[in-house]
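According to my numbering, numbering within the sequence shown proceeds without interruption in unit steps and concludes at 151.
Any given hint might turn out to be false.
As a list, the in silico EDC-like pairs of lysine to aspartate or glutamate whose alpha-carbon atoms are at most 20 angstroms apart [claimed, not checked]:
(1) K3 to E142
(2) K3 to E31
(3) K3 to E76
(4) K3 to E81
(5) K3 to D101
Pair ranges (Cβ atoms, derived) [said to hold, decoys possible]:
(6) R69 to D19: 16 to 24 angstroms
(7) I57 to P27: 39 to 47 angstroms
(8) S11 to I57: 17 to 25 angstroms
(9) E131 to D109: 15 to 23 angstroms
(10) D55 to D109: 14 to 22 angstroms
(11) I90 to C139: 20 to 28 angstroms
(12) F71 to W23: 35 to 43 angstroms
(13) R80 to V106: 17 to 25 angstroms
(14) C139 to V60: 31 to 39 angstroms
(15) E58 to R26: 39 to 47 angstroms
These aren't lab readings, by the way, just hints derived from the structure by calculation. Note that beta-carbon positions come from the ideal geometry of N, C-alpha and C, so glycine has one too.
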Amino acid sequence: MTKILLAIEGSAFSAAAVDAVRWQFRPERAEIQLLHVSDPLIYLPLFDGGIQDVDRIERVREENLTEARNFVAQTEKGLREAGYKVETAIEEGEPRTTIVDYAERVKADLIVLGSHGRRGLPRLLLGSVSEYVARHAGCSVEIVRPQLRAA
Numbered sequence: 001m002t003k004i005l006l007a008i009e010g011s012a013f014s015a016a017a018v019d020a021v022r023w024q025f026r027p028e029r030a031e032i033q034l035l036h037v038s039d040p041l042i043y044l045p046l047f048d049g050g051i052q053d054v055d056r057i058e059r060v061r062e063e064n065l066t067e068a069r070n071f072v073a074q075t076e077k078g079l080r081e082a083g084y085k086v087e088t089a090i091e092e093g094e095p096r097t098t099i100v101d102y103a104e105r106v107k108a109d110l111i112v113l114g115s116h117g118r119r120g121l122p123r124l125l126l127g128s129v130s131e132y133v134a135r136h137a138g139c140s141v142e143i144v145r146p147q148l149r150a151a
């Protein structure tokens, strides 16, 4: 049985990764570890109204986690209905390193994740999660891009 770490973040890129797993692996031969990594919100008290900001940041954090739980549950449901064995996790942290560390912890055979396909300055400034994972993971990595549709 192949243990697949499927890293999702609620975008079309993640949907493409889910579709790739469904097309390539039969349910009876794949165990899926579904992972969402939420970037932590960093609080820097720079002025007197800082206490109010802590409350607002905590509300935003909770909203983000609720949103993550919803799309992870929706993705899990679809995979289970297709016959896959699925375990889920939502972790807070820097996505690149958290995905690599999680894959090692669960002893994944393969990591599947979507690529945003950033180039140039955005890639330089934001980095590439998929590129980092491909370079640092201790297992195989499949990077999936959504198919372009003709108009």
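Verification of the supplied hints:
1. For the hint linking K3 to E142, the alpha-carbon distance of about 13 angstroms falls within 20 angstroms, and the restraint holds.
2. With a CA separation close to 5 angstroms, the supplied pair K3 and E31 stays within the 20 angstroms bound.
3. Annotation: proposed proximity of K3 to E76 holds, straight-line Cα distance about 15 angstroms (limit 20 angstroms).
4. At most 20 angstroms may separate the alpha-carbon atoms for a hinted pair to count; K3 and E81 meet this at roughly 18 angstroms.
5. Proximity of K3 to D101 is assessed by CA-CA distance (about 15 angstroms); at most 20 angstroms being required, the pair is judged to hold.
6. Between R69 and D19 the beta carbons are some 22 angstroms apart, a value that agrees with the proposed interval 16 to 24 angstroms.
7. Judged by the Cβ atoms, the range 39 to 47 angstroms given for I57 and P27 holds: they are separated by roughly 40 angstroms.
8. The supplied range of 17 to 25 angstroms is met by S11 and I57, whose beta-carbon atoms lie about 23 angstroms from each other.
9. In this structure the hint that E131 and D109 lie 15 to 23 angstroms apart at CB holds, the actual value being about 20 angstroms.
10. A beta carbon spacing of about 43 angstroms between D55 and D109 contradicts the range 14 to 22 angstroms that was offered as a hint.
11. The given range of 20 to 28 angstroms is respected by I90 and C139, whose C-beta atoms sit roughly 21 angstroms from each other.
12. At about 20 angstroms, the CB distance of F71 to W23 disagrees with the hint of 35 to 43 angstroms.
13. Under the hint 17 to 25 angstroms, the C-beta atoms of R80 and V106, about 18 angstroms apart, fit the expected range.
14. At about 34 angstroms, the beta-carbon gap between C139 and V60 stays in the expected band of 31 to 39 angstroms.
15. Evaluation of the 39 to 47 angstroms hint for E58 and R26 yields a pass: the beta carbon distance comes to about 43 angstroms.
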